[in-house]
Amino acid sequence: MVKVRQVLADEAPKAFEGLNWERDGDVCFVEFEAKRPDGTADVYLTKWTFFHYPEWPPHVTFVDPKTKLYDSSYWPVISGSTDLAFNASYGDAPEGLICNSMFFDWYFWGGHGSQPAVSWRPGVHRAAATVAELIIHLQQPYYVGPANARA
Amino acid sequence: MESTTTANDRTEVHVKSLVTGEKANFQMPLDASVQATWDESYVQLKEARRDGDTFRCSDGAELMSRLNLTLAQLREAKICDGERFEVRGRSGGAQLSA
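Read top to bottom, the protein sequences are chains A and B. Note that the first sequence covers residues 1 to 151 in the numbering used here. Note that the second sequence covers residues 1001 to 1098 in the numbering used here.
Okay, chain B solo, but in the shape it has when bound:
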């Protein structure tokens, strides 16, 4: 049976910044997009978006190709179990190693 989601359905979202270690828990509508959840994460974490930041599940699954999905769709696809997300900053340099 196909489930339906209304604007009144909400879920608890858990986000950790992998840049600062800060955490935030907050409510989002289940019909909110992953992009909207990512945007709200900065507000709740009290952090500014940094160039190169990405959004991912806490189990490491990437979300950058799924930003238009809703939280309900993520849940149905069993992605980001428990609505646990991470903001990852950009780092690098290994390609220059000898």
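Looking at chain A on its own, in the form it has when it is part of the complex:
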């Protein structure tokens, strides 16, 4: 845990610069604003852990802002990207799957782990790369709206 706390102290302020975020022990909660095609803004709360960082990317999931626990109904819906998919539920993955190589779970669920051209490289990629993919995919032309609006 000492390593994790050092990582958080070193990495989190730079990775989350400009975002609304807070740290709770070994976990970070970070808000991301998404823009629908009509300009409507939605805010998502994400939970970040760095237990295997920097050898592997951070684990990220979307959470209910009230409980701060994973909830598939609080995930965003996007379309049109071949680089990233938000799978609010995915097989046995306990907290859904953000399907992109800058996210920890991508390597361990669904057999994604053998694409060296896009894979996380320790010492090259930082948590900022994970943040960037979320920011990009929660904007146009990808973001559609919240999953819970479709229930």
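Warning: the hint list may mix true and false statements.
FRET-style restraints, in silico, Cβ to Cβ [to be verified]:
| id | chain 1 | residue 1 | chain 2 | residue 2 | range |
| --- | --- | --- | --- | --- | --- |
| 1 | B | Leu-1067 | A | Pro-94 | 37 to 45 Å |
| 2 | B | Arg-1049 | A | Gly-18 | 22 to 30 Å |
| 3 | B | Ser-1058 | A | Arg-121 | 19 to 27 Å |
| 4 | B | Thr-1054 | A | Gly-145 | 21 to 29 Å |
| 5 | B | Ser-1058 | A | Tyr-70 | 26 to 34 Å |
These are computed hints drawn from the structure, not numbers from a lab. Fair warning: this is a prediction, and the values are worked out from it, not measured in the lab. Don't be surprised by glycine CBs; every beta carbon is placed ideally from N, CA and C.
Model the placement of chain B on the given structure of chain A, informed by the hints.
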């Protein structure tokens, strides 16, 4: 009226690496190309170019089809307001999701 740009005209360029989160601010001639600005970004960021990197505006506008334009031309076209750029690394994998 058409504006003219000389080699002495310079502008402050702001670049962020979306791979590492590092930032750099530096001067470039307004008649420098987007490609030259991208190349200089690696020097200023102290990063090596990675296979699959792309260069874009901080508002998300893509620049890979505009690498031969000059910074002055970008400014006239109101692209990359404030000369703010990003180096984006390659990632992916979603096409394999079930």
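Quick rundown of the hints versus the structure:
1. B:Leu-1067 - A:Pro-94: 37 to 45 Å: With Cβ atoms ~44 Å apart, the hint holds.
2. B:Arg-1049 - A:Gly-18: 22 to 30 Å: Holds: the Cβ-Cβ distance is about 25 Å, inside 22 to 30 Å.
3. B:Ser-1058 - A:Arg-121: 19 to 27 Å: holds, 24 Å
4. B:Thr-1054 - A:Gly-145: 21 to 29 Å: Roughly 27 Å apart at Cβ, these two residues keep to the hinted range, so it holds.
5. B:Ser-1058 - A:Tyr-70: 26 to 34 Å: The hint (26 to 34 Å, Cβ to Cβ) holds, given that Ser-1058 (chain B) and Tyr-70 (chain A) are roughly 31 Å apart.
Consistency note: the structure conflicts with none of the earlier hints.
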